[in-house]
Structure formats: C-alpha cells, structure tokens
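Using the sequences and the hints, build the whole thing.
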Amino acid sequence: MKGVAITGMGILSSIGNSVEENFDSLRNEKLAITRIENITTVHADVIKVGEIKKTNQELIDELQLTADNNFSRTALIGTLAAKQAVENAGISSINEFRTGLISATSVGGMDMTEKHYYDYFTNPELIKYIGCHDGGDVAEKIANELGLKGMVTTISTACSSAANAIMLGARLIKNGKLDRVIVGGTDALAKFTINGFKTLMILSDGYNKPFDNNRKGLNLGEAAAFLVLESDEIVKKQNKKVLARVSGYGNANDAFHQTASSENGDGAFLAMKKAFEISGLKPSEIDYINVHGTATPNNDLSEGRAILRIYQDEKVPDFSSTKPFTGHTLAAAAAIEAVYSVLAIQNGIVYPNLNFETPMEEFDLQPQTTLKNKNIEHVLSNSFGFGGNCSTLIFSKD
Amino acid sequence: MEALKLELKNKIITTLNLEDIAIEDIADNDPLFGDGLGLDSIDALELIVILDKDYGIKLVDPKEGKVIFQSIESMAAYISANRTK
Amino acid sequence: MKKKTYINGVGCISTQKTFDTVFLEEAAYNQNDTVLSIIKPDYKDFISPASSRRMAKGVKNGIVASALAMKDANTENVDMIISGTGMGCIEDSEKFLKNILDNNEEFLTPTSFIQSTHNTVGAQIALTLQCKGYNFTYVNGAISFESALLDAKMQIEEDEANTVLVGGIDENADYTLSLFKLAGFIKKEQDQPFNLLTETSPGVVYGEGASFFILENEKKENTYAEILDVEIINTLEENEVETQIVSFLKANQLQISDVDAVVLGFNGDATFDGYYKNLAENTFAQTPQLYYKHLSGEYNTASAFALWMASKIIKTQEIPEIVKVNQVEKPVYKTILLYNQYNGKNHSFTLLSK
Numbered sequence: 001m002k003g004v005a006i007t008g009m010g011i012l013s014s015i016g017n018s019v020e021e022n023f024d025s026l027r028n029e030k031l032a033i034t035r036i037e038n039i040t041t042v043h044a045d046v047i048k049v050g051e052i053k054k055t056n057q058e059l060i061d062e063l064q065l066t067a068d069n070n071f072s073r074t075a076l077i078g079t080l081a082a083k084q085a086v087e088n089a090g091i092s093s094i095n096e097f098r099t100g101l102i103s104a105t106s107v108g109g110m111d112m113t114e115k116h117y118y119d120y121f122t123n124p125e126l127i128k129y130i131g132c133h134d135g136g137d138v139a140e141k142i143a144n145e146l147g148l149k150g151m152v153t154t155i156s157t158a159c160s161s162a163a164n165a166i167m168l169g170a171r172l173i174k175n176g177k178l179d180r181v182i183v184g185g186t187d188a189l190a191k192f193t194i195n196g197f198k199t200l201m202i203l204s205d206g207y208n209k210p211f212d213n214n215r216k217g218l219n220l221g222e223a224a225a226f227l228v229l230e231s232d233e234i235v236k237k238q239n240k241k242v243l244a245r246v247s248g249y250g251n252a253n254d255a256f257h258q259t260a261s262s263e264n265g266d267g268a269f270l271a272m273k274k275a276f277e278i279s280g281l282k283p284s285e286i287d288y289i290n291v292h293g294t295a296t297p298n299n300d301l302s303e304g305r306a307i308l309r310i311y312q313d314e315k316v317p318d319f320s321s322t323k324p325f326t327g328h329t330l331a332a333a334a335a336i337e338a339v340y341s342v343l344a345i346q347n348g349i350v351y352p353n354l355n356f357e358t359p360m361e362e363f364d365l366q367p368q369t370t371l372k373n374k375n376i377e378h379v380l381s382n383s384f385g386f387g388g389n390c391s392t393l394i395f396s397k398d
Numbered sequence: 001m002e003a004l005k006l007e008l009k010n011k012i013i014t015t016l017n018l019e020d021i022a023i024e025d026i027a028d029n030d031p032l033f034g035d036g037l038g039l040d041s042i043d044a045l046e047l048i049v050i051l052d053k054d055y056g057i058k059l060v061d062p063k064e065g066k067v068i069f070q071s072i073e074s075m076a077a078y079i080s081a082n083r084t085k
Numbered sequence: 001m002k003k004k005t006y007i008n009g010v011g012c013i014s015t016q017k018t019f020d021t022v023f024l025e026e027a028a029y030n031q032n033d034t035v036l037s038i039i040k041p042d043y044k045d046f047i048s049p050a051s052s053r054r055m056a057k058g059v060k061n062g063i064v065a066s067a068l069a070m071k072d073a074n075t076e077n078v079d080m081i082i083s084g085t086g087m088g089c090i091e092d093s094e095k096f097l098k099n100i101l102d103n104n105e106e107f108l109t110p111t112s113f114i115q116s117t118h119n120t121v122g123a124q125i126a127l128t129l130q131c132k133g134y135n136f137t138y139v140n141g142a143i144s145f146e147s148a149l150l151d152a153k154m155q156i157e158e159d160e161a162n163t164v165l166v167g168g169i170d171e172n173a174d175y176t177l178s179l180f181k182l183a184g185f186i187k188k189e190q191d192q193p194f195n196l197l198t199e200t201s202p203g204v205v206y207g208e209g210a211s212f213f214i215l216e217n218e219k220k221e222n223t224y225a226e227i228l229d230v231e232i233i234n235t236l237e238e239n240e241v242e243t244q245i246v247s248f249l250k251a252n253q254l255q256i257s258d259v260d261a262v263v264l265g266f267n268g269d270a271t272f273d274g275y276y277k278n279l280a281e282n283t284f285a286q287t288p289q290l291y292y293k294h295l296s297g298e299y300n301t302a303s304a305f306a307l308w309m310a311s312k313i314i315k316t317q318e319i320p321e322i323v324k325v326n327q328v329e330k331p332v333y334k335t336i337l338l339y340n341q342y343n344g345k346n347h348s349f350t351l352l353s354k
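Chains as they are written, first to last, in UniProt numbering: chain A, 1 to 398; chain B, 1 to 85; chain C, 1 to 354.
Calculated from the structure, these hints are not laboratory results. Check each hint, because a few of them may be wrong.
[Claimed, not checked] Under 7 Å between C-beta atoms, here's a sample of chain A residues computed to sit facing chain C:
no. : residue
1   : Ile60
2   : Val235
3   : Lys236
4   : Gly280
5   : Phe386
[Claimed, not checked] Here are the simulated DSBU-like cross-link-like pairs (lysine-lysine), alpha carbons at most 30 Å apart as the crow flies:
no. : chain 1 : residue 1 : chain 2 : residue 2
6   : A       : Lys149    : C       : Lys277
7   : C       : Lys95     : B       : Lys11
8   : C       : Lys277    : B       : Lys66
9   : A       : Lys149    : A       : Lys2
10  : A       : Lys83     : A       : Lys240
Glycine included, C-beta positions come from ideal geometry on N, C-alpha and C.
This is the structure:
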C-alpha cells in the first residue's frame, strides 16, 4: 500500500505564517511562546501562549475581505492556510475534479461569540456574527473563498480533530468517493478555551516541557494548517509532485474518562496499532515519532506507556513533541504536525523536543533534544483529545 | 467545626448534583473518593473551586487535593486552619 | 464486492412522541410556537443518577436514543460510534461562557466546559458502552448527520465494522435561541399560525432532538431498510438540484420514476423553500411527497428525524397522513429519497431501499 499522495500544504502558526517560515523556526529552535496580546484576559500575566501575532484586521486585509464580512478569527487563519495549500498544490481550477474540503475545529467562531455575547441586542452591526459561531461556518467560509462547491464537512473531536479530518480525506480518496480533498484544521485562541483548560488545572505558567519529569502542563496555541490529498490518477495525469504520502491511520477511544487518558494508554495503543495495520508497516520501520506530548502530567505518562506497549522489547525510535514551539493548537494540532512530519521526511530532520531536562521516573524514555539529521522514510504522528479520542497518522516518503 | 462540616456536606451535594444522596448518608470520616462517595477527578476540581470561592484558599497543584479531600473531616480541618474568608 | 448497509435498529427522541408509540399516531402539528421542545423520556430508566448528574441534556438524549436503537436491533455491542451535531451541547457552552463573562474569569468549574466539547455525546456513549472503537463527531450545520451516516456506510463497505451506532443530536438553549430570533433565523411570533408548506415569511420554527440508528452489514428479520447511498454537496443553485438528483439516482441504477416517495426538508423559510417547491411541482409531481419539519422543528440534525421516519415507512409500508405533502400514493414503498438543505447550502441526498 503506497498511501494517499499529499501534493500541497499551507500553515499559519505562532512560529510562522508559511511552510517555509515554520520550517525555519523548527530548524533554528525558534519557539514562539509568549504573553497573550490579542485577547484581554485576567490570566494574561500568568499564562503563556503560542499566538499568531497578527490582528484580525491584518488577516482581513490579507484576504481582501469586504468590511461587512463576518469571519471569525478561526475562519480567517483557516482560509489563509487553505489558500496556501491549494496554491502550493498548483491547483487552478478547484472544481475540475471531485474535490472536497474536510475541516476541523474545536471552538469554531467562539472568538467572536465571546467578544460580542451581551452586545448583540444593543449593537445591530454585530448581529452578523451570530451566524459564525458554529464549527460548520468555518468550513463554509473556507469553501466559499476557494470556490469549492462539492463535499464540505467538519470534524470536531477536540484535540485529535485534524488527524481525523486527514484520515477521512484519505479514506474518501481510497474509497473512490472523491479525487481530491483539502484536509486540515483551524482553531483561534479564545477566552473560552483558556479558561476551560485553566479549570482543568493543566495549563503551565512557564514553558511546556513534554516528557520531562517536572512538566507542569501545556501552553495553548492557535494555528491553522491544510494539506491537499490527491488520487494517484490525478498525480499521474498532471505529473504532480508528491510531497509525501498518508500511509496509515487509526482512531480508537480510550473509553476511560471524559478528559483524562487511561494509565496504560489503551486508546493510544489501539490507534497506533490500527495505523500500523492499515499501512502494513512494522513499528521498527518508523524513523521518527512526532508525539502528542502536550506536557500535561497525564498525557505524557499515558502516551509513553502506550508507545512502550507498541515497541515492547524493540528500541523506540527518535521522538519529540513540537508543542514547545507552537503551544497546543487543539483542533489544528494534528494538521500543523502533519506539515511538520512531511517536512521531516523531505528534509531528513528530527526536531528537538525543547525544554526537556529530566527524564520521567516512570519509564526509560527520553525524547530527542537536539536537531538530528538522518534519512526519514516513515513518521508516526499521534494526536489525542478529550472524550478519549485517540488518533494516529503515519506519513511516508513517496 | 460541626457547622462547617454540615455546610460542606450541603455544598457537595448541591454543587456536584448528587440527587440521590442525603446529608445523613455522608459520615464525617467516609472517603469522598473511590469506594466511599464515589467522587472522581472532575469533582476534585469542583471542590478546589469551592475552597477558592467560599473560603479564600487557592490550591495551585490539583495533587494537593488528594490529602485535603480525603473526607469531610479532613476537608473541614484544612479549611478551618487556612481559610481567609 | 462492497458490503451492504442495513438499518437494523432506530431510536428517536424528538418534539413528538416518538418512543413508546407505534408510528406518529399521536403526532401533533403545532402551528403557533416558534420553538418546539422535546418530549422528555424518563431518563432514570436509562441512566443512573450517579452517572447522569453531570450530563448535558444532549448527552442524556443521545444516550437514551442510542439505547433505544440498540434494544430495537437486539444488540448489546457496537464496533464504532459516529455522531453528528450542529451546535453540540450548547446549553453548557452558554453556561460556561456566561460564567466567564459574569465572574470576570474567576471561580469557574470544569464540568460545563467538558460538556461543551462537541464530541462529548459520542464520548459519553462510548464510556457507557465501554466501546473502544472508532469514534467520530461531525459538526457541519445541516449535513452534520449525513457526514456521520456517510462515514458509517464507508466503514461497513471497507469491512472495518459489522455494527455501527450512528446518530444526530442537537439541543435548544435559551440565550442562543434569543440570538437566533434576533438574527432572524427563527420566525416571528406575529407571523403565526404557521403553515410550513405555504409560508411567505422568512425564518424557521426551531426544534431539537436525538435520533440514533444501528447500521449493520447483515440483513436481519428486524431490518428496516438498506442505505443505498448518501451524498453531500455544499453549494447548488435551485436549478441544479434536479440534475444532481438524476445523476445521484443514475449512479444507483435508478431514475425519478423509481422513487416511491421523496422526503423533502420544507422548513417554512420562504427565502429557501423554493429548492423544495421546484422539485415538488416539477420533478416529483407524480411521486408521493413527505415533509417532517412541521413535526420535528428545524435544527442542524433534523434530517436524522427524517431518516427515522423514512425507515419506519419502509418497514411498515404505511405513511402517516400528517406527513403527506400531496395525495399521490404508491402500492409499495420500496425506494425512498431524502433531500435536505439549509439556506441554500449543505445539500444532502440519502437513498433508502426495502
């Protein structure tokens, strides 16, 4: 099984507004976890976030939207990333083939809802934002800006959302339902999520340290990334450059707790196992694991144990979390990490797991802490979300 | 102290929406988590907010709750010793 | 050979009495209210107070509807859970957001935040059933449920699952409804009484509900219908719908005259009901036409109610008078087409067969 071809990518995150900028930051260890600027919150002095340092107005100008637009920030960054991806794939006529869009988001237009919630009744100019709250509105706007008329849908399974969007896109192509699918996710920072994670007491007041014994929690981030998946027929017909392939995927449910992962990472284990089954690869063939690695005490322990269960007596490959660079970008996380996985394959690079100092006492697992150059054929990327939602993707060299 | 314990039982029942539990069902030394009242980690976070909101005690690490929330007895003792309101 | 997909169990919580009844014999057409509320089941029969204490309304309805569907299908285990919801558990989202704004981000508790996560219904059903399989949640307006249905059908075709629990859930919440009224999504009180087929006013009558289905790769004695195909298209002009339907039917070796009944998503919004009227007056003039949103209300996953209704019709071969748009009848109801859209966007086509 060769897997489904990836022919284009687009991304906006705190470490860059294009694929090139993101790669440059990753290669040069330029993390972007800072104080929050675009949102007024009482937690501003306590938390650090991975924020895209552009105002909504700047994003609107870039997209050349009219003044009466009702784009949420989630839709703004999503549209920019999707446009980059389509351009990168050299697509000029979007509806030429059966083309779909599978987006992912956790909060949708919550950034506008929370800003205007009590003002709608007194300020008629704001009413336009009422309709941009739901997750589907984001995909609707992206599709509209791309001129895409076919199948459009959105997945929302918390922090694994974009992995599931990529998975569905690959299946739609394999199944012959579509020829081309734009897949990814987008989430803007919102007071809603900041406070939500705060109540769960899993936000770090410093810099997140995945897989470190003294990790204290995560930094939230915002980002959007989209990838273009195309059928082999199109690739052949148009002589397309294949960046990498989606060769494996799996989703499973931990069925343990609404927010926490189980002790032994059952869901994570099952998701990885399924991805290996689909890809036909053996665990030993993976050259790099881009772990979910949120740096919460619970996630890293559970994920580490699940990885050890997969590898049993074999050596665990180089692994790292890129969340110290970008923060945890929720429904976009698996999409930006898919872009990073493809870049790792293209450039033969394992990214450093920044901020790591002390190995965890529960097991003998240490992430790669410095940039490492080596040939990479296959990358495994994990993404887990609330509700026990566990997803694994495997990317392979063409 | 007895009044505080009663107050805590009331609060726990209302805040955690324990419809089928009466104040008499909770003994002062019953474990609140696990085999006792059966509370879980999300309830623990709710209890942390009760400490903060009603008694002015801020916990930074949810792990601290483990000892404090063992029983009504331990919770009341901790609150009496540390309350700021 | 791709495996076929059969509906082997249904469960529906809606604004009508759709549980503990035969088939809409007690249904009532409420023409005066702009918002319809569900008829609540006795939750205690399905969920223990200890587990229901933190559950949102949508979660409870989802759990009950899925339990009804499983019982109906005589199954205790499912391989996968796939759900659709337009707005998720919006009541808890409201609660958490109001707490943030009213208390200046202080003294917040996690429960309503957790319940506001869109996949909470599917996740809590998985927890209840201890189902560790694939678990997806779709949130894309009017095609949220059809996305779940299409995914489930693909899973069965790919032979990844024998039994899939699939459903659509949405719930009403006061403040959100007041915003929808303000924005004109919901009809104005002064425009009542409403007649969804002849309305001249904009907006819709809103509703809520949870409908779940057991889909299996095996035909059984209690099978309702086979799902032949599901298609989702984001954008279609009014004059493109007929062509789309013709090619959708053709892909399934069928033509317009093979359709024994068509279920249309009339919601009484004069601005967009033209999509349905066109079909009713021309393409399907000789076909029995049915509607349902006068009973269920309009909401993102109302089309799951339509699938429940169509499944029942194929199984019982009876069409309740209250859902008929015209008086055309057929001796046998073998093939039913469901078509839905909202605001001219998010079009879905679902094809059922006996």
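Structure-based check of each hint:
The beta carbon of Ile60 (chain A) is not positioned within 7 Å of any beta carbon in chain C (closest approach about 21 Å), and the interface hint is therefore violated. A least Cβ separation of about 22 Å between Val235 (chain A) and chain C goes past the 7 Å threshold, and the interface hint is therefore violated. For the restraint placing Lys236 (chain A) at the interface with chain C, the shortest Cβ-Cβ distance is roughly 24 Å, beyond the 7 Å limit, so the hint is violated. Contact between Gly280 (chain A) and chain C, as hinted, is not supported at the beta carbon level, the nearest pair being about 15 Å apart and thus beyond 7 Å.
Because the closest C-beta pair between Phe386 (chain A) and chain C is about 5 Å apart, less than 7 Å, the hint holds. Distance hint between Lys149 (chain A) and Lys277 (chain C) is fulfilled; the C-alpha atoms sit about 22 Å from each other, no more than 30 Å. Between Lys95 (chain C) and Lys11 (chain B), the direct Cα distance comes to roughly 19 Å. Compliance with the 30 Å bound is thereby established for this hinted pair. Taking the CA atoms of Lys277 (chain C) and Lys66 (chain B), the gap is near 63 Å; set against the 30 Å cutoff, the hint is violated.
Of the supplied pair hints, the one linking Lys149 (chain A) and Lys2 (chain A) holds, its CA atoms being roughly 29 Å apart against a limit of 30 Å. Straight-line distance between C-alpha atoms of Lys83 (chain A) and Lys240 (chain A) comes to about 18 Å, which keeps the hinted pair within the 30 Å bound.
When held up to the earlier numbered hints, the structure conflicts with 1, 2, 3, 4 and 8 and fits the remainder.
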